[in-house]
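Chemist: Residue numbers (the working numbering), protein chains in the order written: chain V, 1362 to 1732; chain B, 707 to 1042.
Hints listed in this document are in silico derivations from the structure and should not be mistaken for laboratory results. Please note: incorrect hints may appear among the correct ones.
What the hints assert, rightly or not - Quick partial rundown of chain V residues pointing at chain B, CB under 8 Å, derived from the structure: (1) Val1388; (2) Pro1389; (3) Asp1466; (4) Leu1470; (5) Ala1472; (6) Glu1509; (7) Ala1510; (8) Ala1581; (9) Gln1582; (10) Leu1599; (11) Val1600; (12) Asp1601; (13) Gly1602.
To be verified - Now the in silico label distances, taken between C-beta atoms and shown as ranges: (14) Cys773/B to Glu1550/V: 26 to 32 Å; (15) Glu1670/V to Thr843/B: 53 to 59 Å; (16) Thr731/B to Gly1705/V: 50 to 56 Å; (17) Gly719/B to Tyr1465/V: 51 to 57 Å.
We put the CB at the ideal spot given by N, CA and C, even for glycine.
The chain contents come next:
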Amino acid sequence: MKFTCNTKDIASAVGAAGKVVNAHTTVPILSNVLLTGSDGKIAIRATDLEVTLEHAFAADVTEPGSATVPAKLFASYVGNLGAGVLEFSGSATRASVKCERSNYDFLALPADEYPPLPAASRAEAFTLPAKVFREAVNGTIFAASNEEARGAVLMGTLLELDGQLLTMVATDGYRLAKWTVTLENPVGEPTKYIVPSRALSEAARNIAGAEHVEVAALGAQGNQLRFAAGDVAVTVRLVDGQYPNYGQVIPAKFDRSITVGTSAFIAALRRAELVAGDRASMVKLAVTNQTLVVTASSEGTGNAYEELEVEQHGEDLTIAFNARYLVEILNHLESSHAVLEFLGPLSPAVIRPSEASAAGNQMYVLMPLRQ
Amino acid sequence: MTDRQFAVLGAEGPKAYFASRTRRTLGHAYLFSGVPGVGKKTFARRLAQSLLCAENGDRVLGYCGSCASCHLFESASATHPDFLEHNGTLKIGDSDGAMGFHEGEDLTSRDVVRQLMMRSYSGGMRILLLGDIEFATHHAANALLKFVEEPPQGVLLLLTTATPGKIISTIRSRVSELRFSSLTRNELVQILCSEGVSSDEATLTAAMAHGSLLKARALLGAEQEASLRSAVAAWFFDVVEGRTPETGWATRETLDEGVELVRTLARDWMVLSTQTQSPVLAGDFITRLRELRPLQSSAAIALLASLDEARSISTTNVPPAMVAERIRMAVYSAVR
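Start from the sequences and build out the full structure, keeping to the hints where you can.
Modeler: Here you go:
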């Protein structure tokens, strides 16, 4: 393979793709990046077999083909080149790079040993605005479990496709995040994918500058999901398992609700959390006479008392939550006011924005603490 | 379709077992047991290659050797993305570690469980080989229990061990155990010759290797061991012939190997004396052994019992020279 390209283009692509390379891998080929040249483009691919990153850029490809080079070494080399033109020539065992008066040879490994990505499955692909995708991912994955011991399913985020609706759900058993997006075109068969949350976050981060993201399943059984946006593609391996029936934990009806200013509520909770101590950061919310009283106490630190004006519907209520979880949820609300709906002091509460967002419908469920 | 192959010598029992299986009747977890160096891991790797070979259809054994999947198995720098191998002790791992797929030496029970929960990379089976499996703690073993109790679809777990008794019963009772017998001398010779060892050297080494390729390779690579072997054998024959040789071979490092060789020679001497059909294990000394005066049955039994006792003492802090002296006395008594 031979090509000529701009040093900045290749440095940026190798640097971005190489981030996924695992420095401790015991499989030599996985510490390399794969360069594939064809039709005036070079695609750089790197993988840890869980996430595969591909970054492409324009180049003058004089001899199409593929080559692999050590990711970290090559990224450092091209990252240290000044602006200019780079000439690359790769074979199964060597890669030669020439840039003005700098001339380097890198040991390579055969490109045909690089793990091939499976072909696209017959399942339908769908497209959504990249901004909406990013907001939905960021507003959902924080609720996924990060405890290995709880299993890969809860560490993942559910992507549920049904008609024109894409629903993303993440839960760790204490809180649940649900974000529903309406797609421009309906998908054929209802489908569910469980995507590792770390990989989904990587996908959202890598497509930051794009307008639209196209999502397609790869492999005969849809084993991997590919998020492609312009010159960037992120392919993630899916989790095999049954996602919990999350609908069961969302209360069907409520008898009380409050509407509260989001930023004032977050600030009050953050202050109260300071004295909440070790008891799961417990804060108590007492709703009475259109007022929300936030209290917290611990023997070691003292007492907290915060009062906020709210719009109250239904009877008075006292309920306790983990302040950190509540703040995290409120931080992700795309609205100046938050609506909290309750069924009783021991039933899960639902938190949603007071205004509809262009990015989709947000909803969070939080389990209360026993007081 | 390309001709299929399964390049594993020996292991006739496991071969027959897997040849009778289809992918639908294949179990979810197997424990390969047998002494070290009889090809358990090689068999497991070839079995994995067969199951991931693109040309193998519904069969379990056999691979084409030329498809992209087989190419990855033959490569030194790559591995099939749906085959994970780990050898040695398995620890439980951090509860919140975000480990990748091929973490090598850092692989833990929790990584394994997490990997088992992932869909396959290329769409076929996922195969996990835990070679010479030992669990660092019972927590590490228990982490795998959920898998062996409720195996996910399309996953095969292969465990190998030389000491199946050390695997906790809750795991052992949930996996199918297949026993690997020692390699025959001919099989060892074939393998050694294929590795570039000369025919004569392979024959001699195979005779001393007790059916273990690991031992054969160690013998080939260890001239020191060969000289120890010669020294111990010369000492043994001197003692049998009534002389009192020096016990210079008996040091803390060489005692185990030396005592083992004396036991083998005594055992072979008894086999030749009683003219049973059992094979002679120390084939390189058969001529000298045949020249010895036949051993009485009662004396042979007493000698073997004394040697067992000497072996047991050799693991304590008794000076090696005293252990050798005790052996000399035992051999001397047997001859008388």
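Chemist: Each hint: holds or not?
Modeler: Going down the list of hints, with the structure as the test:
no.	hint	verdict
1	Val1388	holds, 5 Å
2	Pro1389	holds, 4 Å
3	Asp1466	violated, 18 Å
4	Leu1470	holds, 5 Å
5	Ala1472	violated, 11 Å
6	Glu1509	holds, 5 Å
7	Ala1510	holds, 5 Å
8	Ala1581	holds, 5 Å
9	Gln1582	holds, 6 Å
10	Leu1599	holds, 5 Å
11	Val1600	holds, 6 Å
12	Asp1601	holds, 5 Å
13	Gly1602	holds, 6 Å
14	Cys773/B to Glu1550/V: 26 to 32 Å	holds, 31 Å
15	Glu1670/V to Thr843/B: 53 to 59 Å	holds, 55 Å
16	Thr731/B to Gly1705/V: 50 to 56 Å	holds, 53 Å
17	Gly719/B to Tyr1465/V: 51 to 57 Å	holds, 54 Å
When the structure is compared with the earlier hints, violations turn up for hints 3 and 5 and for no others.
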